[in-house]
Each structure stands twice: as structure tokens, then as C-alpha cells.
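S.K.: Please work from the sequences and hints to get the whole structure.
Number of protein chains: 2
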Amino acid sequence: MKKYNFGAGPSILPQEVMKATSDACVDFNGIGLSLMEISHRSKDWQVIMDEIDVLFKETLGVPEGYSVIFLGGGASLEFCMVPYNFLEKKAAYLNTGVWAKKAMKEAKLFGEVVEVASSADANYTFIPKDFEVPADADYFHITTNNTIYGTELRKDLDSPVPLIADMSSDIFSRPVDVSKYGMIYGGAQKNLAMAGVTFVVVKNELLGKVSRQIPTMLDYRTHIDKGSMFNTPPVVPIYSAYQNLKWIQRQGGVEAMAKRAADRAEVVYGEIDRNRLFKGTANEEDRSYMNICFVMNDEYKDLEKDFLEFALGKGMVGLKGHRSVGGFRASCYNAMPIEGAKALVEVMKEFEAKH
Amino acid sequence: MKKYNFGAGPSILPQEVMKATSDACVDFNGIGLSLMEISHRSKDWQVIMDEIDVLFKETLGVPEGYSVIFLGGGASLEFCMVPYNFLEKKAAYLNTGVWAKKAMKEAKLFGEVVEVASSADANYTFIPKDFEVPADADYFHITTNNTIYGTELRKDLDSPVPLIADMSSDIFSRPVDVSKYGMIYGGAQKNLAMAGVTFVVVKNELLGKVSRQIPTMLDYRTHIDKGSMFNTPPVVPIYSAYQNLKWIQRQGGVEAMAKRAADRAEVVYGEIDRNRLFKGTANEEDRSYMNICFVMNDEYKDLEKDFLEFALGKGMVGLKGHRSVGGFRASCYNAMPIEGAKALVEVMKEFEAKH
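Residue numbers (the working numbering), protein chains in the order written: chain A, 1 to 355; chain B, 1 to 355.
One or more hints might be untrue.
For identical chains, the list gives no copy identity; a pair is met inside one copy or between any two copies.
[As the list claims (entries may be wrong)] With a straight-line cut-off of 25 Å between C-alpha atoms, the simulated DSS-like cross-links for lysine-lysine are: (1) K19 - K279; (2) K209 - K105; (3) K314 - K301; (4) K314 - K43; (5) K246 - K43; (6) K259 - K180; (7) K320 - K226; (8) K320 - K101; (9) K320 - K43; (10) K19 - K43; (11) K305 - K19; (12) K2 - K43; (13) K305 - K354; (14) K90 - K102; (15) K108 - K209; (16) K105 - K320; (17) K105 - K226; (18) K259 - K57; (19) K180 - K209; (20) K102 - K209; (21) K108 - K226; (22) K102 - K180; (23) K203 - K180; (24) K314 - K3; (25) K57 - K89; (26) K349 - K320; (27) K90 - K105; (28) K203 - K301; (29) K314 - K354.
Treat the hints as calculated values from the structure; they're not laboratory data.
Quick caveat, the model's predicted, so the values are computed rather than measured.
M.R.: In C-alpha cells:
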């Protein structure tokens, strides 16, 4: 039985990427050594670091004046690195969910935090539209896709101050106008790589402006200066990102990824809206293409567990929704083929026919 | 031709560990999904996290009252996390090389740092023996093995204050009396795993005593409370550590690793001392079993490059010494078989015969 992995992250990656990474763990580039045991100072590895810099910048369209670095620690570590590097007095945050709140919490250790808007009262089912960003804020922080609630911004905001975006769960799923951002970052374990590597795209001229002393490893300049190799980088996770970027380019780049995402979303949301058993949880115009959240209609609430089991029996893995929303979440990251979305729809139809 | 990887790190791992990790990247536990794409909240992964905790504690002999956690960011990130969590007023550091110095540098951002002794004037060729640790220091920090200079402590010091050790490059190479330490940490990419995961063994009662507020991700308690899964952990690197711990246990544990290390060291240092072309660089009683550093005797200095090429031609990979010592460094981590040490000796003998 063909399995489709709808897990929210770590999550589906292209088969070719997993195969290439697995192969390199036995023999890297045919050099007779595993990728797991090679020095990060070796020429063979430096080639990968040089190429991934080009691939990442090309694929996302990173303009001059920005650096791309790869770190460990996950996006959660960035939640404190961002204020460490940028917050002198005041920062603005848009509260669109748990991850935005976590980012805000860390910033409060470093200065004043202004919450410009929040959808907390509606359990984050929408992304606030009407808000003002204080012109004297050091930066404005947003979370572009909210995995738990299934909402997504899907456009590049205008901001009067440097815009910093956590794009952990929708990076490389659509074209982004990087020039509108001061920084973009994310854990790579959804659309880009295996878990264990964080990407950071940062506008160089914004760095070095805070008055505090920054521990070496928490200072973005350290990693920019050393090409992400100030210390030993997470070699194998970076390699999987490298392979995935090559895969994205082979498919046609972020434009192709955006088309795939829209096609999957149309198929699955279409069925959610049609099927009398289910309903979506997020505000329609804010629906995420990455994490499609839905629940049983009230009169069928009792069938929730049955549907999960039925779907799992048909090869649909990782459909359980986050506990704070309940129901189901079909995460459809870059590597999810349209066949996966269609297979899920078939399962939803079959289940409807049974009830 | 059989290759032996003498690289200083990321470095040799057992073939079985690399094979098992590679296999899991295609199909993990026969579940039809790759280790690279599974949720860290899945039952299959939780089993690994539960087992690695037991395996690590059993193998190293971690007593009650200590926690073991796995983080990202490398030992370099610990250089600031240690003072963040433990330095209230004053900390003592033993300066045995570049890594010790880097650790000291970060601590200075948080309080007073006392360098109890240093071998910097002798290019770190020995480990200082006569020093006094201030009784009012919050902790005493040491680096048990100095990869660049080939010196190693290889015994558990008595300290009047909590002893904190960076064991990045000799963890699991000998039995350690963990009860003598307040904390042991290290990057895993030498004796334990692929690059991308850091291990921390910490005495619980020492935590929570500093008055400063600690960012969530830099607070050891965060990771202890959540079993290293406060955020997405580096899944595949942790899995390689899990496989390696099982391998160490199959070989007979750290006692067997210590025997292997002593045997290798005897063979290689024996040849260095015998061979008229070479000489060791480290003080004899401080010689590292992990990183065997040697240079050409003065009258053969010109042959350095020749020897490196000759050895590489015979399958000896990664022998070039660090630029600050020069010459050669044969790193002999846990996975290096005695055959590797013997093969290197043969190459040294052949080269001597030619000159």
C-alpha cells in the first residue's frame, strides 16, 4: 500500500532527496568515505557549502546585500537570537499563534514588545489585517504560516521598519520578494530538509546596530564571516537541504512549488467544503496551502476517531490535528504530490459514503 | 584500497552505524517511511528517545540526580550556555588550548573569569598540573582532550567547586566517574555521532541558581523538562548516536573502548618514538589517545609534504596536522580499529626505509 505522509514536521521530503542522502551516508561522492565521517574542512564538503549558497539564493531570489547562513538549534533558538541581534529598545510582533507567542516571549527579555494585533481570542483562526506597526520599532516580526491553525499570509507585507519573518513552514512554497524583508528564517524540517538545520536570510546592513554584547554563537555576523562554518555545521542535514534545493530547481523552482501547492489546496479544500461530514477551521481567505486543518461537522463529531483509523488504514499518515484545534490536519508540503491530495479526497468520499 | 580515516572530526564512525543510519533514511524500522520524514512526536521516535537516554546513562555510568539531554548548535553554543546557567559571580577555567580559550571568552560576558593555569606559552604542549581552584568560584571548567595539540587529561580531577568538562573529543573513550562532575558536554561528531547534535550531562541540583533570566532555549531546564524535545530535535544525528551507543555496548562498553584506545596509542606512539624521521609534539605524560600529533624531526622537515602524499596514496586519510602545530595528526577515535593504527605504522616504516 502506498503511504502518504501528511505529518506537520519533520515531514515528507522528495524520495530522490532521501535516497541521495541515504546513499551519501554510505559513500559520499564516490570518495570511499561516508558523508557522516568527512571533515567539514575537506574540499569535497566546501564544494557543497559553496553550491548550496548559490542554490539557495537563486531559488529564493535573494538580492545583493543579503547573507544566507545555516545554523543548528532550530527556529526556537532564533526566537532569542533575533532580539539579541536587533532589539535595542522596542520590537513589534504580530500574534498569529503559538509560535508567534513563543517568539514574543523571548523578545521581552531584551526590550519592549508591542503586539500590533492578535487573533488569540478566535483561537487564531484568522490572520489580523488591520494594524499599525510603530514607526520607531526596531523591527516587525511575523509568522507567515501557522502550522497548528492552518492559516497562512501568502503575501509580502509592507512594513515601515525591517520586517522579520519566521517562514519555517512555508519557505520555498511560493515566490517571495526578499527585498521586503530584513530577515527570513526557519527550521528546515518542513519544506527544505531533515530536522537539524535552521536557515537564516539576513540583510547585512541591519547587523551590528545594537549596543549589547552578543555571545559569539548567537551573533549572526560570526556565521556570516565564516560561511556557516565557524564551528562544525550539521553536515548531513545541510546536505539534505542541498539535495532538496536541486530537486526544487528540477521541478521548476518556487513558481512550480506554488502551482503544486495551489493545486493540492484546491483539491483538498474543495472536498472539505463539499463533503457533508467535514468543515474547515480557518478563515477562508487565510487558509494555509501548507497545513489544511478541518474537523467533523458537529453532527458527526463522534466519527473523528473512526475517520483517523479509516484513513490510516488507507495509507494516510499523520492526519491527526494539533490538540489545540482538534480534528485533522493534512500537511501538504512541497514534496507532497497531487496524487496524495487526490488519494486523501478519495478516502474522505469513501468515508462519507459509509455514513 | 582500504581507506582509514584519521580526520579530527567529523570523523570515523563504525561501518555498522553508518549503514544503519543510511538504511533508516530510506525506511525507518520497516514502517515504510524514512527517518528523515517522521514526526518527532511519533511513537516510533519516542521509543528511540527513551532508549538512548537509558543507553547513554548505562554506557557512561551516569548516576541518579543527573539528566542527559541532546541539543543542536555544537559545543561552541555550550560555551555561552554554561555561564548563562551557572556563572553568578566568578568562574575558573583551565586554559589548555584554543577550545578552552573560546569557552573562557564567552564566560567573560557573564562575570569574572579566573584562568587557574595555562600552557599557552608552550603552545599548549602540556596540561598544567599545579594550580588552585578558587573555593568561591561558581564552577571550574576544563577541556579533557585538546584535539589540536594532542594532549589529554585522562583522569577525573578533584575540584572544590562543580567541575564542568568539555569532553567533545574523548567522551566514551574511557570510564569516567561522572559523580565528580557538575556537567559534561560535547559536540557528538567525534566519538559519538554524525555532526549536528550536542550531548549534555548535568547534575540537576546545580540548575536554577543564577539570578539572571535565561532565554528559553539556552536554559538547560527547558530541555530536561521536555526530554530534549522542547522543539524539534536533530532526529537523524541523534539516531546515529543511538546506533553508536549500541555498537559501543556490543564491543564491551567504555572499558573496551579504553583498551582499544590504549592499544592504538601504544602502537602509533611506539613507532613515532622509534622512527628516526618523526617525533611527537606533546609532553609524554599528557599524550592524547584520541589525537596523536607528530612532526618530522628537524633534519627531515622538507619531507613533510612528501609523507602526507605518500600516506594518502596508501589510504591514510586526514593526517594533516592543525596549522597551529603543523606536521601530522592521527586521530584515533573509538571507531578506529587497531588495523588502522598498524597500517599507519607500516606506512611510516616504509617511508623511513625510502629515506
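S.K.: For each hint, tell me whether it holds in the structure or not.
M.R.: Status of each hint after checking the structure:
1. K19 - K279: neither (37 Å within a copy, 45 Å between copies)
2. K209 - K105: Both: 22 Å inside a copy, 21 Å across copies.
3. K314 - K301: within (21 Å within a copy, 69 Å between copies)
4. K314 - K43: between (46 Å within a copy, 19 Å between copies)
5. K246 - K43: within (20 Å within a copy, 32 Å between copies)
6. K259 - K180: This pair counts as within: shortest intra-copy Cα distance 22 Å, inter-copy 59 Å.
7. K320 - K226: between (42 Å within a copy, 21 Å between copies)
8. K320 - K101: Only inside one copy: K320 and K101 sit 23 Å apart there, 49 Å across copies, limit 25 Å.
9. K320 - K43: between (44 Å within a copy, 14 Å between copies)
10. K19 - K43: Close inside one copy (23 Å) and across copies (24 Å); limit 25 Å.
11. K305 - K19: neither (34 Å within a copy, 38 Å between copies)
12. K2 - K43: between (40 Å within a copy, 21 Å between copies)
13. K305 - K354: within (15 Å within a copy, 76 Å between copies)
14. K90 - K102: Intra 17 Å, inter 32 Å, cutoff 25 Å: intra-copy only.
15. K108 - K209: both (18 Å within a copy, 21 Å between copies)
16. K105 - K320: Neither, since 28 Å and 47 Å both go past 25 Å.
17. K105 - K226: between (30 Å within a copy, 18 Å between copies)
18. K259 - K57: within (20 Å within a copy, 49 Å between copies)
19. K180 - K209: Result: close within a single copy only, 19 Å intra versus 43 Å inter.
20. K102 - K209: So K102 and K209 pass the 25 Å test inside a copy (24 Å) and across (24 Å) alike.
21. K108 - K226: between (30 Å within a copy, 22 Å between copies)
22. K102 - K180: within (24 Å within a copy, 37 Å between copies)
23. K203 - K180: Within one copy, since 10 Å is at most 25 Å while 46 Å is not.
24. K314 - K3: within (8 Å within a copy, 47 Å between copies)
25. K57 - K89: Answer is neither: 31 Å inside a copy and 45 Å across each miss the 25 Å cutoff.
26. K349 - K320: within (18 Å within a copy, 64 Å between copies)
27. K90 - K105: Close inside one copy (13 Å), not across copies (29 Å); limit 25 Å.
28. K203 - K301: neither (48 Å within a copy, 47 Å between copies)
29. K314 - K354: Within one copy only: 15 Å inside a chain, 69 Å across chains, cut-off 25 Å.
Comparing the model with each numbered hint stated earlier shows that hints 1, 11, 16, 25 and 28 do not hold.
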